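What follows is each chain in one-letter form.
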Amino acid sequence: MDLKGKTIKDIKASKELVAETLASAKNADKDINAFISFNDDLQDVSGKGVLAGIPASIKDNFNWTGTTTTAGSKILENYVSPYNATVTQRLLDAGAALIGKTNLDAFAHGSSTETSDFGVTKNPHNLERVAGGSSGGSAAAVAAGMSVYSIGSETAGSVRGPAAWCGVVGFAPTFGRNSRYGVAAMGSSLDRPGVLANSVEDVALVSEVIAGQDKYDATSIPEPAPKFAKELKTINLKEKKLKLGLPKQFLDDRIDKEVAEAAMQAVKEYEKLGAEIVEIDLMDPKYSIAVYTIVCRSEVSSNLARIDGIRYGYNSDKKAETILDQLALNRGEGFGNEAKQRSMTGAYALSAGYYDAYYKKAQQVRTLIIDDFKKAFEQVDAIVGPTMPTTAPKIGVTQGNPLFGELADMLTEPSALAGLPCISIPVGKDSDGLPIGFQIFAPQLQEQLVLDLAYTYEKEVGYGV
Amino acid sequence: MSKQIDDKVTKKVADLIKINIPEEEIPNYTQQLNTVLEAADDVSELDTKGVEITSQTHGLKNVWREDEPEEGLDMSKYPNTQNWDGKYFVVKKVL
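From first to last, the protein sequence lines stand for chains F and V.
Counted from 1, the first sequence has number 1204 at position 434 by my numbering; the numbering is strictly sequential.
Counted from 1, the second sequence has number 38 at position 16 by my numbering; the numbering is strictly sequential.
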């Protein structure tokens, strides 16, 4: 069965369908490279629950007992998970049938999968284009019909971005709603697991399974998670007098013309459905780029400090004089360029003499960005706009551009820094046939509004994914 | 801020975080770091006098739980290294 564009309702879930999809995905992946490893012996796929028999996949930065969890990096190439991430555990408890683990930028550092040590994931809509990142493998797996849904993770725009570029739905809830336990850490104040699929209904259902406080993640939030799928509904926007904010900074000359036009068309559809569109003025996204660059890299340098190649991971053959030299060799040979560059920048921003000017200052500006949103949400219920400033660029785009990820994510970084729930839905294609994504985000904990707004578009307008 | 860093600083930072970088690659990293720091410098344009820092977006503070013993990981099953001798990680002799 061709799963392209299919939702959970469209398929007849079964163990046979899972096995069949695994076989066809292995073949299709020769062109796409969405997967780092496949679940060849169908481990854990015979469970029972709402997700049983539905072919799915999970990003390779989630621990899953007995599978390699590389986080897209050579340094963890042979690391076998001794435990399940909370998200993995909850999926398996609901019967999830994971056919494999998807490609990502190494340690999720990037927006293209070009920094993956296992090769770039190609965009199923055009094999010369990137799928986006860092959850590029997950987005491509869904877009190419290799999974009905896939689990990703987002730090800036790593779920929304690849979803936009691959023409699928990508949803990331409030920071802390989904546990980070067992996910290879990137930026601990920013990382959040999310879901990619072909419909809002499906991301809602899977999110319902994985959401909720976790005793193993002290930053997971105590408020009970809504039953996203059960409560999913279309909204009568006029009756509810819903106001959607359109930031003028999201449509300026930094945004590709065709992307801006498609986003405006989607805005008009919401207006036709009865929403009031309010132009709002937010802080320039360049400040979010700067804050994200500093905060995320600082957290990266701290998180990657634990990887030393002693207990697990890449171990250099070269002879070292001291144990610290051994660490430096393991890390120098095991990490790729991006991880080294980010760790070094982060360490610099945290170092004595620069801490106040970079890290502390960035944390203060982060407060200003959050306050900026609070002010905006006094006027509007949710904020909308294009997800990415362009459609998927050509493979090779990141060469010689150490800030590609930050710049590509300029429209997703502000909401990520504020930990807001957000979704990207497909709203058309450009003249090259490449998908365009449209994002919706709302105040913290208002996932249901975000999902309902997207669902309203899906049902009333549709996007033919 | 805005001051460009040089190869000496790059080497110092790499050494600080224990990442061995071959001498010939240092200038390339210096260049990358300068590009990144230039973008980061935009934060200096804003007045943040008296502004609180944000380290946790949901406002959580001091999350506690009971300190109860639980079964740990069974290292014999997935030791992740050929250097696991059943009790210890065996590291290379460095002296």
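One or more hints might be untrue.
In silico DSS-like links for lysine-lysine, alpha-carbon gap of 25 Å or less [said to hold, decoys possible]: (1) Lys-114/V <-> Lys-1089/F; (2) Lys-1056/F <-> Lys-779/F; (3) Lys-83/V <-> Lys-985/F; (4) Lys-1089/F <-> Lys-71/V; (5) Lys-1130/F <-> Lys-114/V; (6) Lys-844/F <-> Lys-1089/F; (7) Lys-1089/F <-> Lys-115/V; (8) Lys-779/F <-> Lys-796/F; (9) Lys-1088/F <-> Lys-33/V; (10) Lys-844/F <-> Lys-115/V; (11) Lys-1011/F <-> Lys-796/F; (12) Lys-774/F <-> Lys-1144/F; (13) Lys-34/V <-> Lys-1088/F; (14) Lys-844/F <-> Lys-71/V; (15) Lys-1000/F <-> Lys-1010/F; (16) Lys-774/F <-> Lys-800/F; (17) Lys-1130/F <-> Lys-115/V; (18) Lys-1144/F <-> Lys-71/V; (19) Lys-1088/F <-> Lys-1056/F; (20) Lys-34/V <-> Lys-1089/F; (21) Lys-34/V <-> Lys-782/F; (22) Lys-844/F <-> Lys-83/V; (23) Lys-844/F <-> Lys-1042/F; (24) Lys-99/V <-> Lys-1088/F; (25) Lys-1018/F <-> Lys-844/F; (26) Lys-779/F <-> Lys-1003/F; (27) Lys-844/F <-> Lys-33/V; (28) Lys-71/V <-> Lys-1088/F; (29) Lys-985/F <-> Lys-1010/F; (30) Lys-40/V <-> Lys-99/V; (31) Lys-40/V <-> Lys-1089/F; (32) Lys-1144/F <-> Lys-83/V; (33) Lys-71/V <-> Lys-1130/F; (34) Lys-40/V <-> Lys-1145/F; (35) Lys-99/V <-> Lys-1130/F; (36) Lys-1056/F <-> Lys-71/V.
Don't read these hints as lab results, they were simulated from the structure.
Keep in mind that this is a model prediction, so the values were computed, not measured.
Hint check, failures only:
Checked against the structure, the hints that fail are numbers 2, 4, 5, 11, 12, 14, 17, 19, 21, 22, 23, 24, 25, 28, 29, 30, 34 and 35, while the rest are satisfied.
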